[in-house]
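Just so we're aligned, residue 1 is where the sequence shown starts under the UniProt record's numbering, counting upward by one.
No lab work stands behind these hints, which were simulated from the structure alone.
Be aware that a few hints might be false.
What the hints assert, rightly or not - Below, simulated EDC-like cross-link-like pairs (lysine to aspartate or glutamate); rule was C-alpha separation at most 20 Å, straight line:
1) K11 to D222
2) K49 to E23
3) K257 to E235
4) K257 to E298
5) K259 to D200
What the hints assert, rightly or not - The calculated label-pair distances, taken between Cβ atoms and stated as ranges, are:
6) K349 to S86: 56 to 64 Å
7) D234 to S86: 24 to 32 Å
8) D212 to K259: 27 to 35 Å
9) D242 to Q381: 51 to 59 Å
Here a beta-carbon is modelled for each residue, glycine too, at the ideal position from N, C-alpha and C.
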Amino acid sequence: MDQDRHATSSKMYVLDTNVLLHEPLAFLSFQEHDVIVPMTVLEELDHIKDRKRDVSRDARVAIRALDEVLRDATPEQMLQGVLLPSNKRAPEAPRGKLIIVNDHLFADSISGLPGDENDHRIINCAVYLQKQYSDAKVVLVTKDINMRLKAKGAGLHYVEDYRTDQLIDDITLLTSGYKKIEGDFWQHVGECETEQQGRDALHHVARELVPDVFANEYLLDDSGHFAARVVGYDEAHITLKDLGVERLLARSAWGVKPKNIYQGMAMDALLDPDIELVLLTGPAGCGKTILALAAALEMIIEKGIYDKLIVTRNTPEIAESIGFLPGTEEEKMAPWLAAITDSLEVLHKGDENPISSRNYIMEKANIQFKSVNFMRGRSIQNAVVILQPRIGDILKFLPPCFYWPVEKVKRISKKIDYLSYSEQSLNNKPLLKICNLQEKYNTKPSNDSIFWEAA
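I would like the entire structure built from these sequences, with the hints used as guidance.
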């Protein structure tokens, strides 16, 4: 490795094996910084790739990806470092190097740890590089919390978890989905061009009024009457769809009406077939489940936009292979999806026989309980899909992987840690809407209440 180069380099990242198993292309995520892959990591990947487990597939993908970058490099170039592929979105951005380090040649500088363990060798490699390149910031990246503790105890200054796939792990970091304008909005507007599209009035106002506006973002003001949604914008103008607070509060779906302006905005977004992704956030009892289910029934039964409602949820590890459990797929999934059947009963609690009404609606709306493990693109054609993952898990079944080539798909889901987009990239997408419902009512907190996303 080039000593002079690393004397001025900002960071050197040493990757642990579990990072590449977690995300096989992780070495491409460090932009202009150098990525160090110890020989011990390659050996572990080689041992794992032939196992009869899913992790073996990730190991093979990581090996092939590394080979793709290093394929034409000479042994000397591999040790000195090979430039990482350029970012297609920013081809002129500086690039770091991918460096294979033979850590077996490094003297053991850590006492007190078993010398033959792979973790020990990888930590020793990072400590060695820290001493050799004292002017560079050497960072060990590992998903193993115990290894991070051992590395710090061994004298490594910088140890990190791999969080590139968790850019937002707290829903409070998400935009609320609306902006509150101080005072009366129309008092801030100078020239305004208005056009009529059917029953909707569209206003073209100056972009400088709301410079950081997002697609499908709602605007409110202090008057208590103005409400609008951003339906388009360019460098000079913003196009607003005039809604009005009264109109939003008058929205209804399957007999459910908004209790406040936040639910009104959520229902407006859910019922709009042109918005394919809606994120609903809020505390337990704020109406996420009821609003989503009511909107689904309205669009399927009353409006006939979709043909069926599919409800799914990632099951606990003990039940992931539900095909080995007794009963049909729907019978197996029903216990995990009781919140949906309970909500259906609430929607028909005024009926003479709520349970019979629930069963009738389940048949009329063609409500199906399915397992994520067995869903395919053809499973959700012309369907509303309610995805209800368990809280606290980080899923790989995410909206970026959920773009099946089907028409008329409305997906509704709930999760905490799904985001692999930044807030900016999320809100620039015209088919997406985020709405925070804020208030809760007469229900107690439960496990199905933290984070809903509707797509």
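Verification of the supplied hints:
1. Pair hint K11 plus D222 does not hold up; C-alpha atoms about 48 Å apart against a cutoff of 20 Å.
2. For the suggested pair K49 and E23, the alpha carbons sit about 14 Å apart, so the restraint of at most 20 Å is met.
3. With a C-alpha separation of about 37 Å, the suggested pair K257 and E235 falls outside the 20 Å cut-off, and the hint is violated.
4. Using a Cα cut-off of 20 Å, the hinted pair K257 and E298 holds, with the two alpha carbons roughly 12 Å apart.
5. Of the pairs offered as hints, the one joining K259 and D200 is violated, with about 23 Å between alpha carbons and a cut-off of 20 Å exceeded.
6. K349 and S86 have their C-beta atoms about 59 Å apart, which keeps the hinted 56 to 64 Å range intact.
7. Between D234 and S86 the Cβ separation comes to about 29 Å, which falls inside the hinted range of 24 to 32 Å.
8. Hint check: D212 to K259, Cβ distance near 29 Å, so the stated range 27 to 35 Å holds.
9. Between D242 and Q381 the beta carbon distance is about 35 Å. The supplied range of 51 to 59 Å is therefore violated.
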